[in-house]
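J.: Listed below are the residues making up each chain.
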Amino acid sequence: MAKSLYEKIWDAHEVAPGLIYVDLHMVHEVTSPQAFDGLRLNGRRVRRPDRTLATADHNVPTDGSKIAAQIADHLSRVQVEALERNCEEFGIPVYSIGSDRQGIVHVIGPELGVTQPGMTVVCGDSHTATHGAFGALAVGIGTSEVEHVLATQTLIQPKPRSMRVHYRSELGYGVTPKDLILATIGQMGVSGGVGHVIEYAGDPIERLSMEGRMTICNMTIEGGGRAGMVAPDDVTFEWLEGRPAAPDPLPVDEWRSLRTDDGVEFDREIEVDASTISPQVTWGTTPGMVAPVTGEVPEPRTEGEERALRYMDLAPGTPIREIPLDRVFIGSCTNSRIGDLRAAAEVVKGRQVSSSIDAMVVPGSQQVKAQAEAEGLDEVFRSAGFDWRSAGCSMCLGMNPDILSPGERCASTSNRNFEGRQGRGGRTHLVSPEMAAAAAVEGHFVDIRDWERAIA
Amino acid sequence: MEPIQVIEGGVTALLRDDVDTDQIMPKQFLKRVERTGYGEFLFYDWAKEPGWELPHNPILATGRNFGCGSSREHAPWGLEDYGFKAIVAPSFGDIFYSNCTKIGLLPVVLEEEDVRALAGAGETAIDLERQTVAFSGHEVGFEIDPDIKHRLLNGLDDIGVTLGNADAIERYEADRERSGPVTTAL
Ligand code: SF4
Numbered sequence: 001m002a003k004s005l006y007e008k009i010w011d012a013h014e015v016a017p018g019l020i021y022v023d024l025h026m027v028h029e030v031t032s033p034q035a036f037d038g039l040r041l042n043g044r045r046v047r048r049p050d051r052t053l054a055t056a057d058h059n060v061p062t063d064g065s066k067i068a069a070q071i072a073d074h075l076s077r078v079q080v081e082a083l084e085r086n087c088e089e090f091g092i093p094v095y096s097i098g099s100d101r102q103g104i105v106h107v108i109g110p111e112l113g114v115t116q117p118g119m120t121v122v123c124g125d126s127h128t129a130t131h132g133a134f135g136a137l138a139v140g141i142g143t144s145e146v147e148h149v150l151a152t153q154t155l156i157q158p159k160p161r162s163m164r165v166h167y168r169s170e171l172g173y174g175v176t177p178k179d180l181i182l183a184t185i186g187q188m189g190v191s192g193g194v195g196h197v198i199e200y201a202g203d204p205i206e207r208l209s210m211e212g213r214m215t216i217c218n219m220t221i222e223g224g225g226r227a228g229m230v231a232p233d234d235v236t237f238e239w240l241e242g243r244p245a246a247p248d249p250l251p252v253d254e255w256r257s258l259r260t261d262d263g264v265e266f267d268r269e270i271e272v273d274a275s276t277i278s279p280q281v282t283w284g285t286t287p288g289m290v291a292p293v294t295g296e297v298p299e300p301r302t303e304g305e306e307r308a309l310r311y312m313d314l315a316p317g318t319p320i321r322e323i324p325l326d327r328v329f330i331g332s333c334t335n336s337r338i339g340d341l342r343a344a345a346e347v348v349k350g351r352q353v354s355s356s357i358d359a360m361v362v363p364g365s366q367q368v369k370a371q372a373e374a375e376g377l378d379e380v381f382r383s384a385g386f387d388w389r390s391a392g393c394s395m396c397l398g399m400n401p402d403i404l405s406p407g408e409r410c411a412s413t414s415n416r417n418f419e420g421r422q423g424r425g426g427r428t429h430l431v432s433p434e435m436a437a438a439a440a441v442e443g444h445f446v447d448i449r450d451w452e453r454a455i456a
Numbered sequence: 001m002e003p004i005q006v007i008e009g010g011v012t013a014l015l016r017d018d019v020d021t022d023q024i025m026p027k028q029f030l031k032r033v034e035r036t037g038y039g040e041f042l043f044y045d046w047a048k049e050p051g052w053e054l055p056h057n058p059i060l061a062t063g064r065n066f067g068c069g070s071s072r073e074h075a076p077w078g079l080e081d082y083g084f085k086a087i088v089a090p091s092f093g094d095i096f097y098s099n100c101t102k103i104g105l106l107p108v109v110l111e112e113e114d115v116r117a118l119a120g121a122g123e124t125a126i127d128l129e130r131q132t133v134a135f136s137g138h139e140v141g142f143e144i145d146p147d148i149k150h151r152l153l154n155g156l157d158d159i160g161v162t163l164g165n166a167d168a169i170e171r172y173e174a175d176r177e178r179s180g181p182v183t184t185a186l
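Going down the list, the protein sequences come from chains A and B. In case it helps, our numbering puts the first sequence at residues 1 to 456. In case it helps, our numbering puts the second sequence at residues 1 to 186.
Among these hints, one or two may not hold up.
To be verified - Derived lysine to aspartate or glutamate pairs resembling EDC-like cross-links, with alpha carbons at most 16 Å apart:
(1) 159/A with 145/B
(2) 8/A with 177/B
(3) 349/A with 313/A
Claimed, not checked - Where chain A lies over chain B, by a calculated footprint (3+ residues, C-beta under 8 Å):
(4) 29-35
(5) 99-110
(6) 113-122
(7) 142-149
Quick caveat, the hints were computed from the structure, so don't treat them as lab data. It should be emphasised that the depicted structure is a prediction, and the values quoted were computed from it without experimental measurement. Glycine included, every Cβ here is placed at the ideal spot set by N, Cα and C.
Could you put the whole structure together from the sequences, leaning on the hints where they help?
T.: And the structure:
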């Protein structure tokens, strides 16, 4: 019988109906302390520490602090120290602050090669879908489920429906995977994917790098999707080759069978013409409130949109390119990998951040940071006037010292523009790394397609 | 977890769509390592806006895609601590829905017009066994996964139930476990 990629992975992991075996469980400091407490309370152990991996990311300051005891914020320090203690007690490997493998959980999994095709991956974090870029079934879970997975290595999961987003044609010049997924969410709505595992397919996806595929799968949750995935291919295998946890040799033949068979019917299918997509900028307080950079802030059609415009302090009809900015944030699990930083550096090279802008670059992991420094990207950013930081979630959610002040307006490469997400009263516009970099230089949004590239 | 049978009483209305978990429980409260005491932080920023009201009632009627966004279980913890026992909406964020069922907070999906009528009625009785919501002298039905329903009706501890099935997990590991990363060997 013809099966989809999703069904193949699901079937291979069903221990009992609705009970799924977990191949990899990633853990971070924010959603795990209560789960470990639960284990202790009930005298339970972690079933498979060897399939579990932890890091500290949400809370960590990005100022280069090397040990948890240096975290100034008391509650953050307690949480990171709790993670370290819990991992030690239960035998789970942890890359905490100070480790050269520390970083955002969805950056370090792929980077270490622990994320592999055909696996089931869970994490107490909604952006776990990122790992689906490798042809894995990766879902975000809550703390009770984290405890369940720690204790049983399984997840209770009613089977989601299936959906395919089929991209046609080709991405235009200056248009990035971030724009592709923002436009897709704009088209299907922020609840368009609820209850579905989404496979992204078509030529434009096959032509993307692993990093681009991760950016797309990462934002699946912003369209409501349970998981996002891309079938593994040579691009995937090339990425994995030689990574610390990757098998040697890679089981390439087995992995090649992980694709949707011809003739499979999805519960839902949508088509997106990639060639019609322009660089995108969000103007509201959900990722679906998005417009092309050439467009304008729209007339509100709903109460929610009216509220969003009030919060964002934007008038309908304002050209997107005339929106003035205060801050620029390049980072987060959506866009903080080496390819993202290279692309942004290319834009700012030899230029200066506008005097009205406070701009920062936060690598997704210490390894990304080291790689960028080896390539001299830190110098490019620094001499342009960017603040060059250490790895963490940083201003993606402002649980650490990197936050927006009330009323500040930020061009951000992260994934959520919710009210107060980057700091209470802060206003977030989601964009690609290239668009964020150009906006930092100009002080407002510019169409990256008209931007004269720095001469390398 | 307490078994759920019938949840009845007053209905609090918050008829906004796409209410994300960042609004329900802002990030600064996620630094706590406890599982209780989140009720006072519920809708922390919205609660400061003029005209905000969120009466304490057992039932919350709300908009489409409620609980979208972050996986933070702190959001359902806060709603439960505030006194809500059931949340009725046209749709929910997937992770939020699942998180609610894990702590015995009943998520109920109804058509948008029924949610509005329910909010207007101000009182209701939700019968989990019969899968009905009664208000203004009539009843509407709702769907729920039979396994989730069974666990909620009986107040079962998921982990206990799954560990009761440990044989199946052991068999899976012995026969079908995929080779994969050994994180402890990195
Ligand atoms: S970078 Fe942002 S979205 Fe990603 S895991 Fe961290 S807080 Fe969550």
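J.: Hints first: check each against the structure and report whether it holds.
T.: Tested hints:
no.	hint	result
1	159/A with 145/B	10 Å, holds
2	8/A with 177/B	14 Å, holds
3	349/A with 313/A	32 Å, violated
4	29-35	holds (count 6)
5	99-110	holds (count 3)
6	113-122	violated (count 0)
7	142-149	holds (count 3)
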